[in-house]
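Chain by chain, the residues run as shown.
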Amino acid sequence: MMNIMTGAAIRARGLEKRFGDVRAVQGIDIEVVAGELFGFLGPNGAGKTTAMTMLTGLSRPDAGSIEIGGIDCSKNPKAAQHLIGVVPDESNLYPELNGFENLCFSGALYGMRRDERRRKASELLELFGLGAAASRKFSGYSKGMKRRLVIAAAIMHNPPLLFLDEPTSGIDVESSRMIRSLLSDLHRNGVTIFMTTHFIDEAERLCDRIAFIVNGLIVRTDTVERLLQPVHGRYALNVSFSDAAKVPLMDLERAFPLLEFHMLPGGELRVESGEALKTGALVRFLEEAGAEVTEAKKRVLSLEDVFVEITGIGAGHMQKEKEGRGRR
Amino acid sequence: MQAYYLKPPNVSWGLLFPLAWTGMFLIRSGQDSHSLLSVLPGMIALSVLFGTSSMLAVAVTFEKKAKAFERLLLSPIPLYLLMLAKTSGAVLFGMFNALVPVLLGFWFADLSGADWGMAVPAVLLIAVVSTFLSLLLAILATEVFEVQTLSNFVRFPMIFLCGLFFPVSALPLFLQPISFLLPLTYGVDILHHAIGGEQLLPPAVDFSVLAGFCLLLFMLSLRSINKHWIG
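As they're listed, the protein sequences go chains A and B.
For the first sequence, our numbering gives the first residue as 1, with consecutive numbering after it.
For the second sequence, our numbering gives the first residue as 1, with consecutive numbering after it.
No wet-lab data here; the hints were simulated from the structure.
In silico EDC-like cross-links for lysine to aspartate or glutamate, where the CA-CA straight-line distance does not exceed 16 Å:
#, chain 1, residue 1, chain 2, residue 2
1, B, Lys-67, A, Glu-96
2, B, Lys-64, A, Glu-90
3, A, Lys-278, A, Glu-260
4, A, Lys-246, A, Glu-288
5, B, Lys-65, A, Asp-89
6, B, Lys-64, A, Asp-89
7, B, Lys-67, A, Glu-90
8, A, Lys-298, A, Glu-268
9, B, Lys-67, A, Asp-165
10, B, Lys-227, A, Asp-62
11, A, Lys-137, A, Glu-96
12, B, Lys-64, B, Glu-143
13, B, Lys-65, A, Glu-96
14, B, Lys-7, A, Glu-96
15, B, Lys-7, B, Glu-63
16, B, Lys-227, B, Glu-70
17, B, Lys-67, A, Asp-89
18, B, Lys-64, A, Glu-96
19, A, Lys-78, B, Glu-70
20, B, Lys-65, A, Glu-90
Examples of chain A residues lying across from chain B (beta carbon under 10 Å, computed):
#, residue
21, Thr-56
22, Gly-57
23, Pro-77
24, Lys-78
25, Ala-80
26, His-82
27, Leu-83
28, Ile-84
29, Val-86
30, Pro-88
31, Glu-90
32, Leu-93
33, Ser-106
34, Leu-109
35, Ala-153
Glycine residues also receive a C-beta, built at the ideal position from the N, C-alpha and C atoms.
With the rest of the complex left out, here is chain A:
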């Protein structure tokens, strides 16, 4: 059974961090309510990890204040660290120890009694599908298994607040799915979760509220429902051409007055509508006007489109990062 928090789990005001001339985090405010699953979404280098290291006490802010569960972290950082579990983006367990020993060691760091940590370690190994690998050295685990064990280690002491940095990046599909399901379970059990990610679909699926961070600044914080409101019930069609210069944009707007047309960087045409789109009529019109269509893809607008709209960062950029991280 997890410990539960009430009130504000995290309250940060005017948080700032500089590295030389670079302002990695520029005076951000974060408030996470107890029991919430809060997503911190942004591209690589946006300041997500820097903000998280400040919130967890691994680095000190140059300016601003942080409270964890009502505890002022500048005055009593170790008391605040009792309340949190942290899953960094890279594994931080001992490669020489096996899964069971690593979990027991984690429990010992938080003062758990020997019999209690042995029982909890066995329980978590089973829960995370690692029971069979309990006596195997951590260095021999796959990436997905390592990430699962790191999460298990972070919740050994039943923290009411869990920080996760890119929990599913660079791991296999099965492990990702298992981690998402475990996070949902923890959330249902009342654990407050603060999660950084650049996987927009993951944030949309899991989080109650999301903050978009770009260049060290939070550009918007809201519930997923409210963020999705502008695109709710809207449809889109992305059309690619062999030569984008031949797209008759003015003619299209005249012929289809109820549709919205946007030329995207890279020569793609985005068509949006409040009603389901009829691809055939559009493609026929374009081809008759001399534009050779190479691909037309229908899609329902999502949080990704909202993110692009708010931050000005292309979805392609995030996709490239996603692919890059997946290859690591």
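Since the structure of chain A is provided, determine the placement of chain B on it from the hints.
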């Protein structure tokens, strides 16, 4: 300690190097018991110095690379306690290393007159001071070889300046003040009191100065960790 004991940098610098030096001095001393007793304190100090600094370099660097240190810093344990626990492995390893010349000393010389009640705390303090000195250097480096290289800038001068194998009084006058700025001088001096060789200062002064060095180096290490790792 178990995980880092047989790492190559530890085997070469922490075990082989002091063993080779001890062997060399034993052969050079031959059957001359007096000569052996005068170099035994130096051999013990050398074994402890290289043992602790190598073990510490390996442990800190490997844990930093594996991000295990970050996890320790995230735990609710106070930093000073974490570092005391983390360095205790190196201290124990250094003390264990000291057994090599001591056992060889028993074999080749008469150690019946040695004051072990003074020698053992001296070995402990030498282990602690060399561990904290290495910790201070290890905080600044990212690779084991960097720590070893940095450590050598401190370790090798100390072999010659701290009265390990010849008395500080035998050094040129302009070098002697430097000897008194190095903690090992005081540790070796206590061992000379306990085992044999030329003594410089009363043991109480040696113990106090050495303990002062331990405290100072530990405080400086904590400050450096706060600055470089927590920032």
